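If you read the protein sequences in the order shown, they are chains A and B. Each number in the working numbering comes from the position in the first sequence (counting from 1) with 2 added on. Each number in the working numbering comes from the position in the second sequence (counting from 1) with 39 added on.
FYI, nobody ran anything at the bench for these hints, they're computed from the structure. Just so you know, these numbers come straight off a predicted model, no measurement behind them. One should not assume that every hint holds.
Claimed, not checked - Covered by chain A, per the in silico footprint, the following chain B stretches (three or more residues, Cβ under 8 Å):
#1 78–91
#2 118–132
Claimed, not checked - Calculated cross-link-like contacts (lysine-lysine; reagent style DSS-like; alpha-carbon spacing at most 30 Å):
#3 B:Lys115 to A:Lys379
#4 A:Lys112 to B:Lys93
#5 B:Lys93 to A:Lys87
#6 A:Lys358 to A:Lys412
#7 B:Lys429 to A:Lys346
#8 A:Lys96 to B:Lys169
#9 B:Lys216 to A:Lys388
#10 A:Lys87 to A:Lys358
#11 B:Lys169 to A:Lys87
#12 B:Lys169 to A:Lys358
#13 B:Lys446 to A:Lys382
#14 B:Lys115 to A:Lys382
#15 A:Lys346 to B:Lys141
#16 B:Lys257 to B:Lys216
#17 B:Lys446 to B:Lys429
#18 A:Lys347 to B:Lys446
Just so you know, even glycine gets a beta-carbon here, dropped at the ideal spot from N, CA and C.
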Amino acid sequence: MSLYNLTAHALHEKLKAREITAVALTESVYARIEAVEPHVKGYLTLTKDIALEQARAADAGFQKGNDMPPLAGIPIAIKDVICTKGVRTTCASKILSNFVPPYDATVMTKLHQQGVVMLGKTNMDEFAMGSSTENSAYQITHNPWNLGTIPGGSSGGSAAVVSADAAICSLGSDTGGSIRQPAALCGVVGMKPTYGRVSRYGLVAFASSLDQIGPFSKDVTDCALLLNAICGSDAMDSTSVDMPVPDFTQSLINDAKGLKIGVPKEYFAQGLEAEVADRVHAAIAVLEQLGATVEEISLPHTEYAIATYYIIAPAEASANLARYDGVRYGYRTENPADLLNMYKKTRSEGFGPEVKRRIMLGTFALSAGYQDAYYRKAQKVRTLIKSDFDAAFQKVDVIATPTSPTPAFKIGERTADALQMYLSDVMTTPASHAGLPGISVPCGFVESGLPVGLQFLAAPFAEEKLLRAAYTFEQNTEHHRQKPDLSSFLVEN
Amino acid sequence: MEKYETVIGLEIHAELCTESKLFCHCAYIFGALANDCTCPVCLGMPGTLPVINKRALEFAIRAGLAIGCEITVDSKFDRKNYFYPDLPKNYQISQYDLPLCKNGQVTFEFEGERRTVALRRIHLEEDAGKSVHAEVTGDATRSFMDFNRAGVPLLEIVSEPELHSPEEAIAYCRAVKEILEYIGVSDCNMEEGSLRCEPNISLRPRGSQELGTRTEIKNKNSFQELIDAMEYEVKRQTRILDAGGEVVQETLLFDAATGRTVAMRGKEEADDYRYFPEPDLVHVQIDAEWIEEIQLTLPELPAARRKRFITDYGISPENAEFLTGTRQLAEFFDEAAQLSGEPTACANWIMGDLMRLLNTADSDIHESNVTPAHLNELIQLIDNATISGKIAKSVLDDVFETGKMPKQIVAEKGLAQITDTSEIETIVLQVVEEHPGPAQDYRDGTKKAIGFLVGQVMRATRGKANPQLVNQILTQVLSTE
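Whenever a hint applies, use it, and build me the whole structure from the sequences.
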């Protein structure tokens, strides 16, 4: 019996019944990692020693018959943008190649309280800037469904390892779609909670007003378990919101009756691949058949979301990334002539081209004489986009859209054209501007065999509605049970 | 009359003496080992976030209220972007368009007149660390960073350009310093860098309403340096204008060693700080109740207190000025004056002997053994003739040393005055017998000879005899015999 391909909730039952041990489970996942990782390349750092120690601790708890938390002993992968005490955290950047945080992110503290097993740190676009994980300074991650394609981004590593069964579940971060888009492209469940729902303390900042940590999982139930573990206000993060956190497993209700679904016409416009549109329409029809009401809605400012995003996010990033200067930690250039030369060389050598592009974009958008035309105007448009959603949620419970306009594209296909790459996020950035929760669930495959994602959006702090819609869809379809065929390079043991 | 009018505005930076820094839990201890007062947050490490220290907000509001500012109920923080090694994040969390306090005013005495200077704003921001340049094993190019001060809350107090001489600017600075010390929000220790003044100076033809081109002088941390720098700068600008030249807008550094200002950066190199709202912090909402609460805890401010000392206690303006020099001194005097009901005596004792003792010991009034209760008791002992003023001086020395109450000291050392006339008479008779010469001189009309005899009586009683009684009895004895 293989363990690596099971869900966390299934594994918890086995651990609780002492059918299996967390150590055996961890060994099983590492064996899988060894087999698939040379091809998928989802991890930047593996922490097997730590993982086995954590697994033994979980086993000791189960052994004593303690009432163990649902994620105790569950092997989890962490995006390398989340600080892990004593474990290198690079953000897939050369500039943090040697950075070992002396502190844990709040989400890590919460996961450790659950007794999880940390498998390692996953690959990503450098500083979470990208939609394909090709902007990593270290390696390219391959989509398990077709190794010639990208896994999406920026949390491509976290999506790919769950898809390839090289982790039971994982954490990523979503700024403009960096969880939802790779989840769609890798055929797994990925959720961005409401902005302020999860503490950002220890999440290396890209765009502070947009960044949010969230889970990747093999099904919606695991997603709810991870949400239970990581949500909640934090005294270390002023932007985390003091709202009661419900038990999200209570929202796992297989019932769409009375659910009002809005389908925004602007999301089914130019640029959306026909096959993707078909799968999404079919998915919405499934829910309609199950008793949901579906109505077309309009979110008129959708078309400005990408342009607005590429002003606000780089503007914040230009300040957030100023601290990487070679003075205190991280990479420093060799033999600089003077201070200015050290700054210039350290940053020129330490950052990759996309990060530099965004720092320049953001610096420009904030400059005297341009701030009104760019940054301030973008903030106004952001308010309009948010008002669109506020109006829509007066009428509907959830909004259903494609997660990505296309399935996974070929490695290298969009690297030469930044604008083309930026359009990958056209379906996900609007909700980011509004701070909304969003989930992507597998909803079928295109002809070439690549997965398609269905995105649900809800009003702020209405994650429960998302989970109910996603769970109902999942329980009445088989898409989430499909696995990429990696058998050609697997050595079965 | 001078040809030009000097126009000066001031930016004062004061470190708030909160227990922890502005955005983290670190305590700042002056003189601590380098980087001992730091944590991941104030070091600006990846992923860390600022959380506002409520006490720092309270202190800023206190300062705003004391200076008569409007408090901004919906305020926010902004990022001020510039690269400098002492700035951990390479941006400073400061306030741009919604400062905590606006439109106050500072009133002070200058050359015998009351002057009121308008304040533009007071805002809260984080301090930076400092660079240390030192030679290490022959390598002179090494620099080190000490981030202990990084993140300490700083109040930036910006005046309108309404000051018209370096001396007046100093008087203004002293008034601000006095207020901040009085309300207990900053220790304003200039040597330790907790108060820093940056003047901007311009000249204009007398009578003109338009402002001339100004220069700014960076970080002065002593009043002497500040006045030297401003005086030099006024002379420099006068020379330029007299020669028909134009003053260049620039930031200057004052070199105390050469006594000259040197250009640090010009306007064309002036930084574009790219201010934008700090996304890691939410807006600061200040409710009216809190403002009222803070208002109630404000102490009486120095100007009001001075006025009260003059009118209620009949203290001279000069003495009132001295006695309100620090809050501790003013409170000491106030309490002693109320306890004893003798403000003039209290003022004389404090400004004379007590100050002498404090200066010799190099300590402050609130650290000394002497309390208003001690002083009150001492004054009562003189009033009821238990001790003479001269003995009282030595009793005060003892109080200062030991902290014992004056009555106890007088009892232990047997210092009480001899007021028993028969006891004094016995000694007087004895002295007159022992010194027949001076006694005869007195009787012969050399009245001043009595001084010698009084001295002998005091000597015999080790100063304890009541001098008035001695005089009286001696006169009697000498004239009856």
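To see whether the hints hold, each was checked on the structure:
1. 78–91: holds (count 11)
2. 118–132: holds (count 8)
3. B:Lys115 to A:Lys379: 19 Å, holds
4. A:Lys112 to B:Lys93: 26 Å, holds
5. B:Lys93 to A:Lys87: Answer holds: Lys93 of chain B to Lys87 of chain A is near 29 Å, not above 30 Å.
6. A:Lys358 to A:Lys412: 24 Å, holds
7. B:Lys429 to A:Lys346: Not OK: Lys429 of chain B and Lys346 of chain A at ~74 Å, beyond 30 Å, violated.
8. A:Lys96 to B:Lys169: 28 Å, holds
9. B:Lys216 to A:Lys388: Measuring from Cα to Cα gives roughly 47 Å; hence the hint is violated.
10. A:Lys87 to A:Lys358: 28 Å, holds
11. B:Lys169 to A:Lys87: 28 Å, holds
12. B:Lys169 to A:Lys358: Measuring from Cα to Cα gives roughly 29 Å; hence the hint holds.
13. B:Lys446 to A:Lys382: 76 Å, violated
14. B:Lys115 to A:Lys382: Answer holds: Lys115 of chain B to Lys382 of chain A is near 18 Å, not above 30 Å.
15. A:Lys346 to B:Lys141: Violated, at about 39 Å.
16. B:Lys257 to B:Lys216: Satisfied, since the Cα-Cα distance of roughly 18 Å is no more than 30 Å.
17. B:Lys446 to B:Lys429: 15 Å, holds
18. A:Lys347 to B:Lys446: 76 Å, violated
Violated hints, listed in ascending order, are 7, 9, 13, 15 and 18; each of the other numbered hints is respected by the structure.
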